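Participant: Chain by chain, the residues:
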Amino acid sequence: MITAERKPFEEIKEMVKPYSKLLVVGCGTCVAECAAGGEKEVALLASALRMEARMENRVVEIDEMTLDRQCVYEFIDQLTETVDNYDAILSLGCGAGVQAVSDVFPDMTVLPALNTTFLGETKAPGVWMENCRGCGDCKLHIFGAICPVARCAKGLFNGPCGGSKDKRCEVHPDTPCAWHMIIERLEKKGRLEQLNNIYPPVDWSTGQGKGPRKIEREDQMI
Amino acid sequence: MKRESNLKKVLSAGHFAVTAECGPPKGADEGPIKKKGGMLKGYVDSVNVTDNQTGVVRLSSLAACVILKEEGIDPVLQMVTRDRNRIALQSDILGASALGIRNILCLSGDHQSFGNQKGAKGVFDIDSIQLIHTVKTMRDEGKIIGGEALTAPPQLFIGAAENPFADPFSYRVLRLGKKIRAGAEFIQTQCIYDIPRFKEWIGMVRDEGMDQKVYILGGITPLKSAKMAEYMNGHVAGITIPEGIIDRMKKVPPKDQREEGIKIAIETIEALKEMKGIHGVHIMAIEWEEIVPQIVEKANLYPRPSL
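In order, the protein sequence lines correspond to chains A and B.
Counting in the working numbering, the first sequence runs from 1 upward without gaps.
Counting in the working numbering, the second sequence runs from 1 upward without gaps.
Only chain A is shown next, with the shape it has when bound in the complex:
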C-alpha cells in the first residue's frame, strides 16, 4: 500500500488560514490503513482546526467527508454536489489523491494534509516499512524476494557494500542490511550461486527514466 504521514499541525494551520469554508476529505484505502488519512484522522484534524480557529477568534466552517478512494473518479464524483460550498479542500489522500481531486475540480484549491512516503508493508501495529520503489521491472526472483533497490541505502545490485556490519546498514544502524538478508536467504536455499553473475547496469527507464509513467490497457477500457 501507499503510506503517508500527516504534516505537522503548524504547517497545515498556515496552509488553511486564508480559507473560511473548508472541506476536509479523507481516503478510506491505503492512507486509512496506515492511520494517516482515514475517517478517524479526518475527524481528529477537523476538530483540531476548529479549536484552533476558536482560540484565534476566527469564524470558520469546517466539514468532513471520507471517500472510499480518492484516486478514482467514481468516488471523487461524490464531492460534485457539495464542492461549490467551500473555499478549499484539505485532502488527507496520498499525492495521487490530491492531484486526482484537483483534476476533477480544477477551479477548487486542493491542499495536501499528508506527506506521501512510500510503497510499504505493515510490519507490526504502528510500523510500516518501505520495501518497493515501483521501479517497473521486478527482479525479486533473483534476490530472494528482498529488493535491493528499495531496501539497500545505495540500491546496489552486486552488494553488499563495505559498510555492512553485524547485519546492520551503515546508514541506519536500526535498518537490517538488505544484502546480508539476501545472502542469508539464498544461502539457506542453496541458491547462493545465483549471485555469482555480475548484474549489469539497470535500465532505469522503466522507472523514472522517461518521466511520469502511464499504464494503458485496452481490455480494461470501456
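No lab work stands behind these hints: they were computed from the structure.
Among the clues, some could well be false.
[Stated by the list, open to error] To give an idea of the interface, some chain A residues facing chain B are shown, with a C-beta separation under 10 Å as derived from the structure:
no., residue
1, 96
2, 147
3, 191
[Said to hold, decoys possible] Heads up, simulated DSSO-like pairs for lysine-lysine below, C-alpha to C-alpha not over 30 Å straight-line:
no., chain 1, residue 1, chain 2, residue 2
4, B, 199, A, 167
5, A, 210, B, 143
6, B, 118, A, 13
7, B, 118, A, 167
8, B, 121, A, 165
9, B, 121, A, 7
10, B, 224, A, 214
11, A, 188, B, 199
12, B, 178, A, 188
13, A, 7, B, 273
14, A, 165, B, 178
15, B, 121, A, 210
16, A, 123, B, 121
17, A, 165, B, 273
18, B, 224, A, 165
A quick note: this is a predicted structure, and the numbers were derived from the prediction, not measured.
All residues carry an ideal CB built from backbone N, CA and C; glycine is no exception.
Mind docking chain B on chain A? Use the hints.
Facilitator: Same frame as chain A, now just chain B:
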C-alpha cells in the same frame, strides 16, 4: 611516448608496491595538493586522490590527479558512483585518460547522509562492480555501456576496494571474485588493525587462487591517538579496531600516542610483507600525509623502484 601506469609497472615487475592517499582541500586551492604531493613524491609508487570522501564537498578528484601528475606523481583517480550517473562517469573516464591519468579505483562511495550535503540525492545509477566492468569494456573492447564504439579507448589500470572486515564475512571473498571477474586488476583494502581476521581472509583468497589473478594492497591508517582509534571503531563505516589495539594506544601517554600509532602501522606492514598473496600496502594517513615517508623508510620500503 605513451604514459604508462607506474603502479602497474611496479606490481608487474614483482615489487612490493607502496601507494598513499591524498585528500583534496575544501577549497579551490592547488597549494595543499602540491604540498601533499611534494611530501609523498619518491616515497610511494602512486597516490590515490579521494572523490569527495564521506560525502564532503572537496576539490574534484580528477582535477587534483592532474595537479599531482604535473608534479611528476602517478595518480590513482578514485571514482564513486554516488554523485554521477553513467553518462557523467563514462565521460570522466574518457577525460581522465586523455589527461594522462592511468589508474582508477572504482567505488560506490560513502552514503551522502554522512557528509555535509545530507539533502543530496544519491545517484547510484550503477554500482562499483558495474563501474569496474564499464571501465574494462571501454578499455578492452572500446565500447561504452550499450555497446556503442569509442573513437579511442581509455588507458587505465583498474582497481577496486575490498573490506575484509565487513559482513557477511564468508561472502567477502565471493564478492572479491566478482570484482576480479568484472575487471579489477588491483585491490586496495580497508585499513587493517585486526591481523588474525585479515590472515583468515587472505587465506580464503589464496584458497580460491584469487591472489594469482589480482594484486592486493593492504590498507594502513596510522592512528594519531587513542581517541581517534575509539572514534574510528565506533563511527567510521566499515572500520573495525580490536580492543587490544585501542588498549595499547590508551596505555601510552597522549604525547607518545602518535609514535605508538606509527609503530603499529610499521608492525602491520611487516606482517603484510610476510603474507603470501599480498603485493603491497596502501597508506591512508588521513590529514597526516607528512608521516608517510617516515613509515615507508622505517618499514624498509625506501627507496622505491624506478622503472
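Participant: For a quick check of understanding: which of the numbered hints are violated here, in increasing order?
Facilitator: Going through the list in order, the structure violates hints 1, 2, 3, 10 and 13 and respects the others.
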